[in-house]
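Let the sequences and hints guide you as you build the complete structure.
Chains as they are written, first to last, in our numbering: chain R, 198 to 873; chain X, -3 to 471; chain G, 24 to 232; chain Y, 13 to 313.
Calculated directly from the structure, the hints in this document are not laboratory data. Check the hints yourself; a few may be wrong.
Pair by pair, the computed Cβ-Cβ distance ranges are [as the list claims (entries may be wrong)]: (1) X:SER340 to R:ILE787: 36 to 44 angstroms; (2) X:SER340 to R:LEU864: 52 to 60 angstroms; (3) G:LYS50 to R:VAL859: 33 to 41 angstroms; (4) Y:LEU186 to R:LEU617: 25 to 33 angstroms; (5) X:PRO46 to G:GLU69: 29 to 37 angstroms; (6) G:ALA89 to X:TRP393: 52 to 60 angstroms; (7) R:SER620 to X:ASN453: 48 to 56 angstroms; (8) R:PRO216 to X:LEU181: 46 to 54 angstroms; (9) R:VAL859 to G:THR121: 13 to 21 angstroms; (10) R:PHE798 to Y:ARG36: 52 to 60 angstroms; (11) R:PRO216 to X:PRO46: 45 to 53 angstroms; (12) G:ILE68 to X:VAL397: 50 to 58 angstroms; (13) R:THR302 to X:ARG134: 32 to 40 angstroms.
Because the structure is a prediction, the values reported are computed rather than measured. Using N, Cα and C, we set each Cβ at its ideal position, and we do this for glycine too.
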Amino acid sequence: MAIIAAFIVVILLAVALIPWMNVLWKGVITVAAVCVLALLSSIIAAGALSGNHFEQLFRGSAITGPIPVRVDALSGFFMLIINFTFITGAFYGLQYMKAYRKQSTDISLHGISFILAQASLLAICVLQNSIAFLIAWEIMALSSFILIIFEHGKRETIKAGINFLIQSHICIMLLTLAFIWVAMKKDSYDFRAITLFTASGSLLTGVALFLCFFMGFAIKAGFVPFHTWLPYAHPAAPAHISGIMSGVIIKIGIYGILRMLLLIRCDYLLVGYIILFVAVITGIYGVMLAIVQHNLKRLLAYHSIENIGIIGIGIGLGCIGIGKENNVLTFLGFAGALLHTLNHSLFKSLLFYGAGNVYQSAHTMDIEKLGGLGKRMPHSSVLFLVASLAICGLPPFNGFVSEFLIYKGVFSGLQGSDKLLLSGIVGALFGLPLIGGLAMLCFTKAYGTVFLGRARHAPDQLPREAGAGKLIPMYAVLLLIIGIGLFPQIFITALDRPLALFTGINSTAGLLPEAGSAGNTISQVGTWALLFLLLAGLVFWIRKKITALKPVTPGNTWGCGYTGPVEKMQYTASSFIRSYRKLAEPLLLIHKKKKEIKEVFPGDGGQETHPYDKAEAWLIDYPLQRLKGFFNRFTFLQNGNLQFYILYGVVFITLVLIVPLVADYLLSLVKFLNKL
Amino acid sequence: MTGIYLAGAFGISGFLFFNRSRVINYLLVSAFLVLQLGFTIYEYLHINKPELTYFTPDALGILLLVTLTIISIPAMYHSYMYLGSKQDNPGHTAIYFAAMVALLTSVSAAYLSNHIAVTWIFVELTTLSASALIYHRRNNRSLEGTWKYVFVCAISITLVFIGILFLSFSLSQAGADDLSFSNLLRKAPELNQFWLRLAFIFIFTGFTAKLGLVPMYTAGIDAKDKAPSPAGALMSSVLMNVGFVGIFRFYTVVSHTTVHSWANHIILIAALLSIFVATVYMTKVKNIKRMFAYSSIEHAGLVMLGLVAGGVGYFAAVLHIILHAFIKASLFFQQGQIYRVYQSKSMYDVGNYFKYNLTGSMVMLLGFFFATAMPPSGLFITEFMMFRSLFEAGYLWVLVVVMLLLTVIIWAFGKNIFKLLFSAPVAFKEEGVEKIKPVESLSQFILLGLVVYLGLNPPQEFLHLIREAIKNLPQ
Amino acid sequence: MTNVLLIIFTISLLYLGIAHRLLTYIKILTIQGVLLFGIAFIELIEINAVNLTFVLLETIVIKAIAIPLFLNYVMKRNRITRDAEPFLPNFVSLILITLIVITTFILSNAINDARISKIYFVVAISTLFTGLYIIVTRHKLITHVMGYLVIENGVFILSLAVGNEMPVLVNLGILLDIFASVFLLGIFVNRIGDVLKDADVDQLKSLKD
Amino acid sequence: MISFILIILTSLFFSGIIIRTKSRTSGRKGPGLFQPVKDIIRLFKKGAVYSKTTSFIFQAAPSIYYASILMAIMVIPLGEYRGIISFEGDFVFFAYLLGVGKFFMILAALDTGSSFEGMGASREALFSMFAEPAFFILMGSFALLTGHTSFQEIFASLHFGSYISYILGVLATLVLAMIAMVENSRMPFDDPKTHLELTMVHEVMILDNSGFDLGLILHATNLKFGMYGALIANLFMGSFPLYLTIPIFLGIQLLFAVSIGLLESFTARFRMNHNAQYILALSSVSLLIFLGVLLMLGQFS
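Set out below in structure tokens:
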């Protein structure tokens, strides 16, 4: 109780103070408030994760009814992720925002929204009253909207912001619909009513309710085809906000899905198949589009979609596990999903911070214009490299651990004789490596063109390494990435309790023997990953020892005999993925602009590609265009002519009076004819 | 007390009309506000006690009267701000305040009247006083707005009168001739169906002009656009509520008859069409005030949906109309400030308001969130309840259509608001921009704060009043 | 006797449909005022004297004399041309008004109410819709006002149907009549005539979306 | 452990055998069996030329690549003798380790800022990406067939019996061999002996490597051959005792090398832009294997 009170007081205090401070203090207060909030909530969260279920019932108002605050292990887990990402984001943002220190009012708004975003995210994890939940949800959406449109001078930023706002609204509408359904049946806003409702209804009712929730949360999480806001919002926001959005805000959608799985009693098998299907498509589609992007942040945004797909595969497998009463599958699926949620929040925020460093030193996000930053910004380069490796799921980093768990889940599901199950699993088995492979293509492209080679356009001033203020939070993230990669068993053990919630659905036993065996395997993975690191070091060391004595000649890159290489000769990012693009073209929507080289003495030639999202074109643009056309047909109504205005009234009254009469006559006529 | 109030207020209005002195004008307006406040408190304390035969301060009347009183104070304040910045001639100012006082008084009386014919008289008076406000600028376009408003309202009020005549036919069948609401309610089951239907359709159509519903919403848009912004605020809030009172009270009567479901269908059609029309024009208009006006149409439609759905929807409808009044009033007040900065209402001329008036832009931002029913706005709660009641009443398709339309409205509304707040204006000269003091926006913040408070954590007494107001509806 | 007057009233509506000139409109309004006087006198003879006097005064003084004079004045002052300028040919108007009358007549069959005399209902509703029809189909602003006055006459007839039971409603209707006519015409005379030289509907179409 | 040593051993003469086979089929005598190894040792002794464009990544990449392959080899079992690394799902680890090496090689290629190396890197990345699903579905089929999820357990309990199983064995061998071809950039996907940068895949990636680094890369290629050969061999070993498995292992490696030599002598490489679809076709073959496994398990009865 005291903690919650303190929590609220800190929010109010910070929000009240920020507008009156000077710019530096605005930042400091924001960071301090974020830290304090994180600390306060982490106490509860850590307690919940170690088994002390926290529950408190607030009286609420006459409108909302009693508001239960329940922190179980699942909430605790997500709260810790949120807190960590917000702390690194706040520290990174403190430095990042120095470039904008003249926009004092914007920064106040930004700081307040930042605190509110954190608080509302935490609230979403713990509130278990529909109305309170929806309010927290919307505050989260609105505050992140404000955070996104920080650079509101740009037209695209506002556009992206509105896009985000509208899709958030559709999301909340779907959630509202689902909550109303429950409230109608059980007349209670408590989340427990969801369980009561679905337990009493048929399994299909549960599935329908779940799907309603799922669609709502999927918009926030960015499942295809509900993802279209995401690639706009991420590039528009400042780097730390992109990091947080991708790291935790979209994860709250995952939290929602998991929470509903815990609450709703339904046909888990069917639900599992649906999630698995959507997730595989999401993963492949996300990465397919990520590869063709030219904007670094947009590329990262599409990768978030891909990773949500991977998490979704885990959840889908877990659900199938529940449905099949296969505890191993349940355990591994959800463990993979949860761990990947954590992992993705780490490496994706790190990648976005890295992209922020690039942006602030090179002043562009266009991959085609960047290059050779590795030498100018060694720290950022290394950090970005590690994060890239991690996001590709390569050992010895954390991404591998969670993907490994999901793989293990996939293989452990390869049993029995259910053809539907097997084909689902084969789908996952096809999807996962393909996603991994494509991610590799994508990140070699991104890292290779941004940090390696030579700069592809001459910047006004030479790029400089980011300051320590930005690097320290990034290194903190890095530490965790490597930590999870090398000592995964610690984190798997921490997942025991959240996982027990899921495995508990179909077995009375809390902790599982499977946990032990998985932990064992996982610890081996960690050990061997460490060994790999050592082995690589050893080979490198031997190489160094041997080559130390040998002559080293600096020279030019091999240019097929051409000895005056210029940066324009470098392979570009577009060319790097050209063969991929050619293959994937039928599935993508790429607008091309080509200027052919002609005649004997040709002028300039060139080619541009502008990737567009086919799902967006079909599902958003086209219906929207039709809707607009439809609306435009009715714009004669307010035509300024008074006579028409009177006519509306006359027509209304006449129709209301005449139509039922005519209908009656027609009906009696029909009856009469029938008699004949 | 009602008698004193009416006499006093109309007296003040008369004095204001003839007075040309600034100081006396202040005094008279303050006197009116004190009178209004006193009257409100008195009526609140003497709830459900009939006065002058034709006035009963019932729960609904009290709720709306309190709303009016709360809005009237900033309305007067913003009127001074508005007129002060324009250096108007004293004659126009005098007419302005006289009309405003008359408007507020007749609206208050219309809220409290317990007799349908008396309500009708005061509604007619509101048209008169409102038209004087609309014509304040005295140019071609305001003349056009006034003419349209007066004409459409005159037709509407005639329709209401015809409706009342039909109602009296119906009532005479039941062997009674007292047109007071309580009597109507008592006789409701005996009313002749045929006449009642006619009465309902005419009265409903007539009152839509005030409430801002399809079919007679049209002239109200022009009126809110052309009226000075404080007057626009009143027209979009308290004057709208007059239409609501008229429809609500009569609907309460109808709900006890066999015509109930038929009436529901009519209201449903009108409400859906209203939301639809609002959507169509929200995506199209480029005039901030007209946009707000269309937003009011949308909310009127929502309120009516609440009535149609029944159950918890009744509660939501009453709460919604009150909260909407606060939000719309503050948005219109803020629009006055925007106009002072840009000297334009057109979307093409405004922009980057965030830079020129930080406090005002916060009002705008919050007002947008609140008007589109995003939490923590109280409208979120009411819309949630309305959706719930629609769901419960089995109008799932209506719910889906409404949700879709509301989403489009948010999109259109948001696009314009963010253009206003954040995008740089075209060809706007920064020098000589009027600086607006933050304190001028204080009242708007208070109104918005009320929306949160009343929506999320309403005091018991308030809830009790709303429940009292809807107690005669079938539960 | 009232029935005869009411039928004459209905015929005046048809005449309204084919009238070309504004002066004819004014004449018809005068005639209608006189007819209403007759109907009211016969119908309301039983109610108390004060009320009756009020009603009769209103019909004869205002409806039959003041308003026509006023309209005349307005027309002269604003130099309004004589033609009524309908959108539709008069022939069509005639058919439509006839249709309105017939439809209301058919509709009135649905009433099975002994107390309310059907003919009042038919005439009143026909008048109402004819008025609305005139407003919608005529070009000039002044004809809108005339249409409105026709509507008022319809309302008056309707109120006479319950005039015996609820005289207060008749009075209210009269109040409405006086108020609205004075108000509308007042605006007209004072403002619109000054601002818009030829009072044409098209000049009041700038407020739109 | 024993498989590790055997694979290292194989790697020493694997290339030699291929080259010798190719020489023989074209009527030449050809170099000695250990000539490739000698070349590598010679490279180890040399100094290096580094492009001024390159950074640290370029120097570290070959070592990491080499280490990743060594590490991957440790996972390979020999019949029922487990590799140094063995746990449930170890082949996932195996595949991703190879991925790490490839990742760094691609980066190294991009690091040079060359006009050609990116091209090779792009192809390498694309091709191996398409090969991966085939490998995983293959392993999935085996996992379904045997109920185990580690290399050693799978291979130890893999028995051929019915005619379907032999077809599956052949198909699996085909898939693994083709994956090996893709991973090592050999015919028919890539011609290591081509002399035009525009048509190379792997060779163009390492254009700028020299000295010790080049040696590492070349040896890593040989190791990879041995590794895939070992995988294929494992398909046929079952749970034989050691004195049988080692000859089988060596025999299959020899057969593998010879068939690569023959293949490279008598076929032409695929058109570059058709490669991807051929590689993706491997996934379809893997799916066929999966269906075959279902058939074996009696799922279609």
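Do the hints match the structure? See the list:
| no. | hint | verdict |
| --- | --- | --- |
| 1 | X:SER340 to R:ILE787: 36 to 44 angstroms | 42 angstroms, holds |
| 2 | X:SER340 to R:LEU864: 52 to 60 angstroms | 56 angstroms, holds |
| 3 | G:LYS50 to R:VAL859: 33 to 41 angstroms | 38 angstroms, holds |
| 4 | Y:LEU186 to R:LEU617: 25 to 33 angstroms | 29 angstroms, holds |
| 5 | X:PRO46 to G:GLU69: 29 to 37 angstroms | 31 angstroms, holds |
| 6 | G:ALA89 to X:TRP393: 52 to 60 angstroms | 55 angstroms, holds |
| 7 | R:SER620 to X:ASN453: 48 to 56 angstroms | 53 angstroms, holds |
| 8 | R:PRO216 to X:LEU181: 46 to 54 angstroms | 53 angstroms, holds |
| 9 | R:VAL859 to G:THR121: 13 to 21 angstroms | 20 angstroms, holds |
| 10 | R:PHE798 to Y:ARG36: 52 to 60 angstroms | 53 angstroms, holds |
| 11 | R:PRO216 to X:PRO46: 45 to 53 angstroms | 51 angstroms, holds |
| 12 | G:ILE68 to X:VAL397: 50 to 58 angstroms | 56 angstroms, holds |
| 13 | R:THR302 to X:ARG134: 32 to 40 angstroms | 39 angstroms, holds |
The structure is consistent with each of the numbered hints, conforming to all of them.
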